[in-house]
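Chains as they are written, first to last, in the working numbering: chain P, 1 to 737; chain R, 1 to 154.
These aren't lab readings, by the way, just hints derived from the structure by calculation.
Within a straight-line C-alpha distance of at most 30 Å, the following computed DSSO-like cross-link-like pairs (lysine-lysine) qualify:
no., chain 1, residue 1, chain 2, residue 2
1, R, K142, P, K620
2, P, K189, R, K92
3, R, K143, P, K91
4, R, K88, P, K215
5, P, K282, R, K5
6, R, K92, P, K150
7, P, K207, R, K88
8, P, K207, R, K71
9, R, K142, P, K193
10, P, K578, R, K143
11, P, K617, R, K142
12, R, K142, P, K91
13, R, K70, P, K209
14, P, K209, R, K88
15, R, K92, P, K209
16, P, K189, R, K143
17, P, K586, R, K142
18, R, K88, P, K150
19, P, K57, R, K92
20, P, K189, R, K88
21, P, K193, P, K209
22, P, K150, P, K178
23, P, K137, P, K88
24, R, K143, P, K656
25, P, K163, P, K178
26, P, K384, P, K101
27, P, K193, P, K88
28, R, K143, P, K196
29, P, K57, R, K88
30, P, K451, P, K486
31, P, K618, R, K142
Letter by letter, the chains look like this.
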Amino acid sequence: MQKETINRRHFIKLSSFTSGSLVIGFMLPGLPALALSPADCEFFQPSAYLKIDKSGKVTVLVGKQESGQGVDTAFPMIVAEELDVDFKDVKSEIAPYGTLKEGEHDTGGSQSVMTMYDSLRKAGAIAKAMLISAAAKVWNIKETSCAADKGEVVNTITMQRIKYGELVCQAAALPVPKDVTLKNPKDFKLIGKAEKRSNLNDILTGKTKYGLDIKLDGMLFAVAERCPVLGGTLVSVDDAAAKKVPGVIKVVSYKGTGAPMHVRAGVAVIATNTWAAIKARKLLNITWDEGSKNNESTEELFKTFAAKAKTKPAIEVFKKGDVSSFANKNEITATYAQPFLAHATIEPVNFVAAVNGDACELWGGLQLPDWTVNTIAKECNFKKEKIKVNLTAMGGAFGRRLHFDFAIEAVRIAQQIDKPVKLIWERADDIRFQPYRPANYHLLKASTDDKGHLAAWQHHVLGTPVAYMTEGPNTKHPEEMDGADKGFCYAVPNILTGYTPVDFNINRGWLRSVDICVNTFPVESFIDEIAQQQHKDPLDFRLAMLENKPDFKTGDDPGAMTQSPARIAAVLKKVAEKIGWKEARKPNHFIGLATHSFIFAKSYAAHAIEIELLAPKKFKITRVVAAIDCGLVINPDGLLNQMEGGLAFALTQTLKGEITVANSRVVEDGFFSYELLTYAEMPPLEIYIIDSKEEPGGVGEVGLSTVAPALCNALAAAGNRPRNLPIRNEGFSWVYA
Amino acid sequence: MPSFKLNVNNTAYTVDAEADMPLLWVLRDLLNLTGTKYGCGVASCGACTVMIDGNAAYACQRPVGTCVNKKITTIEGLSADGSHPVQKAWQKAGVPQCGYCQPGQMMAAAAMLEKNKKPSEETIAEVMSNNLCRCGTYHRIKKAIHIAIEDINQ
Ligand code: FES
Ligand code: FES
Numbered sequence: 001m002q003k004e005t006i007n008r009r010h011f012i013k014l015s016s017f018t019s020g021s022l023v024i025g026f027m028l029p030g031l032p033a034l035a036l037s038p039a040d041c042e043f044f045q046p047s048a049y050l051k052i053d054k055s056g057k058v059t060v061l062v063g064k065q066e067s068g069q070g071v072d073t074a075f076p077m078i079v080a081e082e083l084d085v086d087f088k089d090v091k092s093e094i095a096p097y098g099t100l101k102e103g104e105h106d107t108g109g110s111q112s113v114m115t116m117y118d119s120l121r122k123a124g125a126i127a128k129a130m131l132i133s134a135a136a137k138v139w140n141i142k143e144t145s146c147a148a149d150k151g152e153v154v155n156t157i158t159m160q161r162i163k164y165g166e167l168v169c170q171a172a173a174l175p176v177p178k179d180v181t182l183k184n185p186k187d188f189k190l191i192g193k194a195e196k197r198s199n200l201n202d203i204l205t206g207k208t209k210y211g212l213d214i215k216l217d218g219m220l221f222a223v224a225e226r227c228p229v230l231g232g233t234l235v236s237v238d239d240a241a242a243k244k245v246p247g248v249i250k251v252v253s254y255k256g257t258g259a260p261m262h263v264r265a266g267v268a269v270i271a272t273n274t275w276a277a278i279k280a281r282k283l284l285n286i287t288w289d290e291g292s293k294n295n296e297s298t299e300e301l302f303k304t305f306a307a308k309a310k311t312k313p314a315i316e317v318f319k320k321g322d323v324s325s326f327a328n329k330n331e332i333t334a335t336y337a338q339p340f341l342a343h344a345t346i347e348p349v350n351f352v353a354a355v356n357g358d359a360c361e362l363w364g365g366l367q368l369p370d371w372t373v374n375t376i377a378k379e380c381n382f383k384k385e386k387i388k389v390n391l392t393a394m395g396g397a398f399g400r401r402l403h404f405d406f407a408i409e410a411v412r413i414a415q416q417i418d419k420p421v422k423l424i425w426e427r428a429d430d431i432r433f434q435p436y437r438p439a440n441y442h443l444l445k446a447s448t449d450d451k452g453h454l455a456a457w458q459h460h461v462l463g464t465p466v467a468y469m470t471e472g473p474n475t476k477h478p479e480e481m482d483g484a485d486k487g488f489c490y491a492v493p494n495i496l497t498g499y500t501p502v503d504f505n506i507n508r509g510w511l512r513s514v515d516i517c518v519n520t521f522p523v524e525s526f527i528d529e530i531a532q533q534q535h536k537d538p539l540d541f542r543l544a545m546l547e548n549k550p551d552f553k554t555g556d557d558p559g560a561m562t563q564s565p566a567r568i569a570a571v572l573k574k575v576a577e578k579i580g581w582k583e584a585r586k587p588n589h590f591i592g593l594a595t596h597s598f599i600f601a602k603s604y605a606a607h608a609i610e611i612e613l614l615a616p617k618k619f620k621i622t623r624v625v626a627a628i629d630c631g632l633v634i635n636p637d638g639l640l641n642q643m644e645g646g647l648a649f650a651l652t653q654t655l656k657g658e659i660t661v662a663n664s665r666v667v668e669d670g671f672f673s674y675e676l677l678t679y680a681e682m683p684p685l686e687i688y689i690i691d692s693k694e695e696p697g698g699v700g701e702v703g704l705s706t707v708a709p710a711l712c713n714a715l716a717a718a719g720n721r722p723r724n725l726p727i728r729n730e731g732f733s734w735v736y737a
Numbered sequence: 001m002p003s004f005k006l007n008v009n010n011t012a013y014t015v016d017a018e019a020d021m022p023l024l025w026v027l028r029d030l031l032n033l034t035g036t037k038y039g040c041g042v043a044s045c046g047a048c049t050v051m052i053d054g055n056a057a058y059a060c061q062r063p064v065g066t067c068v069n070k071k072i073t074t075i076e077g078l079s080a081d082g083s084h085p086v087q088k089a090w091q092k093a094g095v096p097q098c099g100y101c102q103p104g105q106m107m108a109a110a111a112m113l114e115k116n117k118k119p120s121e122e123t124i125a126e127v128m129s130n131n132l133c134r135c136g137t138y139h140r141i142k143k144a145i146h147i148a149i150e151d152i153n154q
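One chain only, chain P, in its complex shape (with noise of 0.2 Å):
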């Protein structure tokens, strides 16, 4: 296994914010021993990743934040496996804020299992070998004498077994060894087993407590109105009507903050439940200073991006050989659009703060705490250390929650009452005060030389970058450009790809799978459409720039990723010949392919998918088959679920998601107008996953980017090609089962 520093761009970006470093890769764990004495010990805590209790009960402190990617059980199962128990014996916990190192707790980008694999590993191996040393004490003989297995000790010579709950106390004693000796891969026993989620019981009876079920002695429940345009301030507000709703305790107003988080102005009412402040909320009266740019649409943009498409990109981001040599050659242009895209987790953003003198008390669902917590001791003036955080489960993330901007405002408003406040943002709210996924546009020139081979590839993005908002528009990276850029795949001579920011007042942010499904689509589409021009099977198009071609570094810097186009072809030929690509047809029916590498997490997948054609703009999606080489899979079963739930989050925006915005006000407003795929649309999936020795991948995004060009291209095979998302806005619609 091939061992490389991480580097994922804009993970590294925005952790730069935490004050520390992010540690990644190699990271020891957190914790000393307890230094607790054989008589006093309750259980044995060797590191801050688990703790076994008296009773042979596993607790793996689990650092990562569970929004439904299964990091409750994959982590679990790492060190189980090492430590050797069985899984039923294991549960895990949310680790407490504050007992990991400085970034540890930052989750985000598929990187969980990959970055904590190790130290997972070491950590049940060090309470392992610790174990088998107290045991070895109590026979009196060698630790190499002692095997471990299934939650004993086992005395190898005269073959009795001790559990090792009643060796907690011994072992708590002892010194935490450096180094261990871990497994080696191939007896591994549970890694690579499916498994359930741990916690699965707490949420199919509903105790599962998200942090919208938070309850506090005395907690109130806020809900607030927020200045229609980003940017805008309060001129006043007449509350009196609000007041007098049975239940109001107070109305607070609350200013707005720049980047990086951008909290618009609002004003909260403060009451003894949610509904009576929902209800006052309605009976404000308001008036706001818009500010200047109140009158900016998603249409005019969409103009704009289509006008400075045709000039040259204001920041060149990749260049290989001259394409300038091949102008006007056998030439294909198109352009590819798509929309804002709001992450809509059906838990509504939500937190709860408790402000007592200089102290600060937060419960709630962070993917970034360490930024929170900084970002906070700034805009609220707290003493980070005065700042105390308590992690909840998220009812779906998706990137929405690396975001913090509802936290600054629930500590806004608790700044204002003595009492525990709960802030609750009304559905409305969420779909509309969102950080929405960048719109972004497409100009794709390519050029084929006499043997219909691709010589020549210009792409031309242009986004609504992130960074200007969480940086501030003057930052020297805002390009978004992963998969167009050095790590672009296919091995083409003369390659120029360039990008153009163009800001535009609402807040942009991080969602699901971010630039590189912005690039998938356009990039999988075109060399689809290339091929079509050309007559040439897709399928062969793409893999002979594909296969063969050894794995390449995307930067230059030492922590730079790596590209393996090898991988990528062999998700292809694998959804290709599950499908049946090569085999003849049904009537009226097409396929459509599409393959990438989620580079950030060293893992690759592929879709096909089959259409049927009803009319020549109606469709019916008849079969869907996805490969997924994610290296070494930890959990299968987490990695199916992540899989089939990636289709439907990617069906969502390919079909019908869309953000639009007019007056610099986003016009959807919950799930009617912003509609999400439902239980019907759902189509049947076959998922293959590749065996693969390779280190651990992530999997919670990769599932995502190559749906919407794999139906297109299926689309594109029966005679219309979409080049814009959602397809719906194309005159396409669609029939299930």
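Chain P is fixed; fit chain R with the ligands onto it per the hints.
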């Protein structure tokens, strides 16, 4: 403030609330039964699904004043330990991702199966399409419903 007598999960409660307060907030804020989730408040997501007299109902759409003398069942009352056939099926199929929508999904499925022990695919699709899952667990919901159907028809 008016007061209402409610029967939730076979327990009698008296709550002081405005008559227009939706059952959702009564359950969550006043009775601390937080298994019933808020997703939209406007009948668009199904996260708040409970059973009222055996029928699936959006708790966000039922003013507490209309809920007296009715039998209300929430996820906490479907079974305390996860032993209801629907919960067992959800367990077996490993449905949840974030899990937030799942109480509503299970209540919708349980209410459907209470009425109809052998629903057709069309009925299942029609009923379950009222409950959104952003994590996209629809395949597993389908699988779980079929496991539950098999279980209750044995
Ligand atoms: S919260 Fe009731 S349907 Fe969404
Ligand atoms: S499991 Fe997350 S919304 Fe359904």
